[in-house]
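S.K.: Same order as they appear, the protein sequences are chains Y and G. Be aware that the first sequence starts at 1, since it is given in my numbering, and climbs by one per residue. Be aware that the second sequence starts at 1001, since it is given in my numbering, and climbs by one per residue.
Heads up, some of the hints might be wrong.
As the list claims (entries may be wrong) - Incomplete in silico selection of chain Y near chain G, CB under 10 Å:
hint	residue
1	Val-173
2	Gly-204
3	Gly-205
4	Leu-206
5	Asp-298
6	Arg-336
7	Ile-342
8	Tyr-343
9	Glu-374
10	Gly-419
11	Arg-423
12	Tyr-426
13	Ala-445
14	His-446
15	Phe-451
The set of hints was computed from the structure by calculation and includes no laboratory data. From the three backbone atoms N, C-alpha and C, an ideal C-beta is built for every residue, glycine too.
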Amino acid sequence: MLRSSFTLTSLRPVLAAALVIAPAFAYAQTPAVQPAAQPTAQQLREEVERLRAEFEAVRDSYGERLAALEARLKGIEPGQPVPPVVTPPTAAPTAPPPTPGAPTEAQVPAGATGAGGPTGSLPFYGGASAMSKIFNPDIAVIGNFLGAFGENDVNPRPAFEMNEAEATFQAVVDPYARADFFLAFSPEGVEIEEGFLTFPTLPGGLLAKVGKFKQQVGKANTLHPHQLPWVDQPVVIDNLLGGDEGLNDSGISVSRLISNPWMFLEATGEVYQGSSSVFQSFERSDVSWVGRVRGYRDLTEATNLDVGASIAYGNNDVGPGFDTRLVGIDATLRYRPLRRAIYRRFMGRTELFWSDREQVADDVSAFGFYASGEYQFARRWFTGVRYDWSERAFDSSLVDKGPSVTLTYWPSEFSQVRGQYRRLRYAEGATANEFLFQFLFSIGAHGAHTF
Amino acid sequence: MKRTFLISTAIAAILAVNTAAVRAAVNVVTTTEDLWSIVKEIAGDKVSVESIARGYQDPHFVEAKPSFILKLNRADLLALVGLELEQAWLPPLVTQSRNAKIQPGSPGYLDASRTVKIADIPTGPVTRAMGDVHPQGNPHYWLDPENGRRIAKAVQAKLTELNPADSAYFAERYADFDRRLAEGEKRWQAAMAPYKGIKIVTYHRSWTNFAQVFGLDVIGYVEPKPGIPPSPAHTLTLVQEMKSQNVKIILVEPYFDVKTPNAIARDTGATVLVMPPSVGGVKEVPGYIQLFDYNINLLVAAIKKTGAR
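In isolation and in its complexed conformation, chain G is listed as follows (with noise of 0.2 Å):
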């Protein structure tokens, strides 16, 4: 019984422990690194910016570690992709950061795709018979320069809220990435426009709106179904279709298996193409605007190479 007492003074002590920690003005923790990247462009040095996932990481599976919930309990804003994307990881982890400002419906909670573009809403009944959907639209849509922008712009106006000193120069850091985008935007548009219409196949369905812009038309997937790893049927059906189809552009994200990929190649004479769709997916790739040039740069090579139509 003495001993029980001592213990519980002990944690009681320990819970008494009043911590004066050092902050920075702004702490932001994005969940991923397109969002860090781009919350980087507008913040500059006046912020500090954390990402949890990786860019080589399946963003669907991230671990809820608890040391993202330290992270997570400094964080002043909490930026996230959405649409369901982080449902299986960032909920836990920001109930037990003990944080307010960044709970669902607090000023520090962006959710990023209530500003863009959404593809892939499903129309129809949605049910788990058609693998890993999400029904409210593709969650991979930062992948459209566009949403770029417009993610930015609600940065802009977050930043300036949580900082208003400081708003002449997120103003000034908002108009130079937005005309830094518009020229990347330009270079792109130019060297995808020889082959808009080029047919490709994808692993996951993680490209639908960089296809959009740059005129890709994706036939088929490697996955049976979202979230659905590859089944020997469906991968014999595909290779008849890009066979038929005479595809030669194989996308696969850094963090999927490429002996399925590999082997649909050797079948069809595609080239597989590991495209990071992520800031941070290769070396490559530390920032926004260098993802599309790494990935156009990429793409137009394979296209000259294997001269797909």
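Just chain Y, same shape as in the assembly (with noise of 0.2 Å):
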């Protein structure tokens, strides 16, 4: 549509300059035809009014086709051939007609900068079809298809299993907001993920973010099944930070860069609703906190090290005025050579949580962790290993621990295929021998890799 729009424009001052030179060329020509006649100052006048209507009914008439025209390139995909231009019978010196068909290098009008998705593009090469698109999301749907084999007596997954669907919608709401919407399908129903509008240029070097999403406690809580490098979740994610769903409400977070000449440093401040597997709010009062600190730094160009810690706080399930905070500190170790970047990796991860959860009885001090680690050894493939140790939020007598393996295949960035195999000790004294596997696979746009 850019592309047709401006031939249009190009085209506009050939055509103006025809109308201009038209009637000045036929006014010229009226001499040599009559050139006895002396005329009066009468027949002069009217002589003018005369091509003043002239000049005014060509005028009119290429007003006219121009607007046709201009309904007409609108009409046209750029590919197919523009019909012929049908020459009306009053034709004057003929302007070029528009070049038909679309050459196979669009060339764009420099400094038609636009503000269209993330990256500013507009995709010119769909035509008129495309124009209503252009303000669309980009939209993307991952599947997340589960099975497990073995035997686990005390949280037994399904044999197989559509676990969830997630369809994304990303797009910048206007000149200062974008919106990105996570919506989980999953047999259990629908439900909003994430959904949040994100401030990007707030004065004061601030980023806020308002809606829901998933609380920036540690990292493991702040992935999407999708991005997690496991089938499962780690075991303590589940004893101490609510399970599959995780940490993750309604509220605001707004975070700042704090400036030192050492590192990436990023403060975050965030208050939630209260209404997540751990913090219940039952007073509108009652909202849970959240804080983090984050640093990185390189420490090669192919090796860094990413630091952070969280703490959050506020009303849990059991009752008003029954609390849990939570504390955790987490450290990621990286490692990709740029020249090989897409055949070796390597990623080191470790999380580590307190609880301290009041309850009727007494307050509980859980503590749990898990270390992993991650690393490609060809294009498609990667291998990893974690250990899970972790108390239960509300009795830290119980301890579930145990290794696990996967092995991951990507036939390419938009599908991969996942084994892991777990041994976990329950703190019941059932051992789980199990083998998990999992397909991961995404249509539509092509969304950011996560880091």
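Bring the two chains, given one by one in their own frames, into a single complex with the hints.
M.R.: See below:
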């Protein structure tokens, strides 16, 4: 569409020139046709009137033809031949017809920087039909199919399960904000997994989010199921951070960069309604709070260290006046050589959480952690290990622990197959030996990679 | 409760810290070293310029490291390649930059693809069955010197807008770059003139613009489809095709594994050339004009050696 209007704009001066030249030409020729008669002032006036009327008629006719051309060009998809221009009988000096068809190299006028998607791109290739899509959000659907073999008497999963289809909608709202929606369709129903507005350019270097989103507590809690390097969640997330849903609530988040010469340092403060698996509000004032500080530093161009500390505080589900406080620290070491970035990488990560939970009988202080490593050994192959150890939030004498190994195959950026062997020793004494597997696939817009 | 209060007060205090960073007059961040080099040509020492990606890195697979957020946070101008080349990593960096100047649509957001000639725009329906296609056209367009000139012109206009005091300086630098580029084009065309229409194979579809300008005939790719790693079946077909058409040159970008290209070379008697598509791809290529000098020399030497036609 951009291209079409460009053609028209460049055509307009030519037509305008034709409008001016045509009557002038005719006027110049008039004396040559009737050289003998010596016109009176009255005749001259009439002649001028006649010419003016003629000129206006020509102008109107060109105006109509221009409008018709414009309308026609709007309806044409580049690539299709332009219908021939019907020349009306009044044709004066003809302007060059619009170039038929679209050249294979689209030329975009310089300076036509538009505000489109996150990259500011306008799809100029689709013609009229694409016009209606320009302001549509980027849409993608991610399927997460899970399976399990082996035995687990404590927390069994189904043999096969289309666990989740996540639909994402992302777009710029206006010059001040962008919006991201992640809707999860699962066997339990439809849920707003996340849906929030981001203000990227607030004064004071602040970045604010408003809506429902994953709370900035640690790393694994902030990731969607398809972004995790495992089929399951680490046990500590299940035991202390509320399981599959994790800490995910409606609220407001504000973060700021802290300038310093040594590293990337970001502080985040968040306040939530108090409606997640850990925090529960009984009055409007029972909001829950989250604070996080994250530091990041490049050690070399291939290696970097990412560390964070988080705290979450709020009323828990026991009743009004009973609080839970969660403290977590996390560290991630990444290695990815730039020249071989698509073949090799390593990520080592650990997260530790301490939960203090007020209960009716007595307060419980529980601890849990996981440590994991993931290594890419070929363009399409990854392998990983993880060790889990975690007490339970409501009874610290119950400990679940055990190792896992994973193997992941990536046919392309848009799909992956993963297997995980997990040997978990539950506090009840039962040991679960399981083989979990997962198919992940995504269609639609190419989302950004997580870091 | 008391401890929580203390912690939240501490966080609030940190949030309130107002740091006065010392800033250069104009800070430019580019996504690739090619754009970095062109901006440098025009900006000279009046502007500080940094690139996010390195030239020896696959520009599709850069990581969105927080250290890049810091660079973008201080930028007055962001110059990007566009056409979805940086799709997987640039948008989150820009969102988190907390910098209104470089948001899409702002004056400090310069999408270089808006000013250049673009090749390989798909004309039919596009699906992912075709691999990692770029529906808006081939983003490796900087490998046509004419596009380099157009980018330079756009950069000159943008820098003049941001820093009007130095407009004469930028105009002078542009004229000088334009002149050296024109000389280069003559030199490169002359060097390639005897070999117009020579048949080659490339790893990825990075060289479409380059091939068009310098008269190379790309008859196939080591990748079966863009972004899809080599497969045995495709490699076999490619080897047969190369033998039947007597193709002696395989171009490989520095960030791809040369195992498959080497195997193909052994079967066909061809030469594998690790040819940088970007400034900084190898040490010998510190700038945009040297990129063509280096690549043309490499190519001509290989053609002479293999006697390819």
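S.K.: Return the numbers of the hints above that this structure violates; sort them in rising order.
M.R.: The structure conflicts with hints 1, 9, 10, 11 and 12, although it agrees with all the remaining ones.
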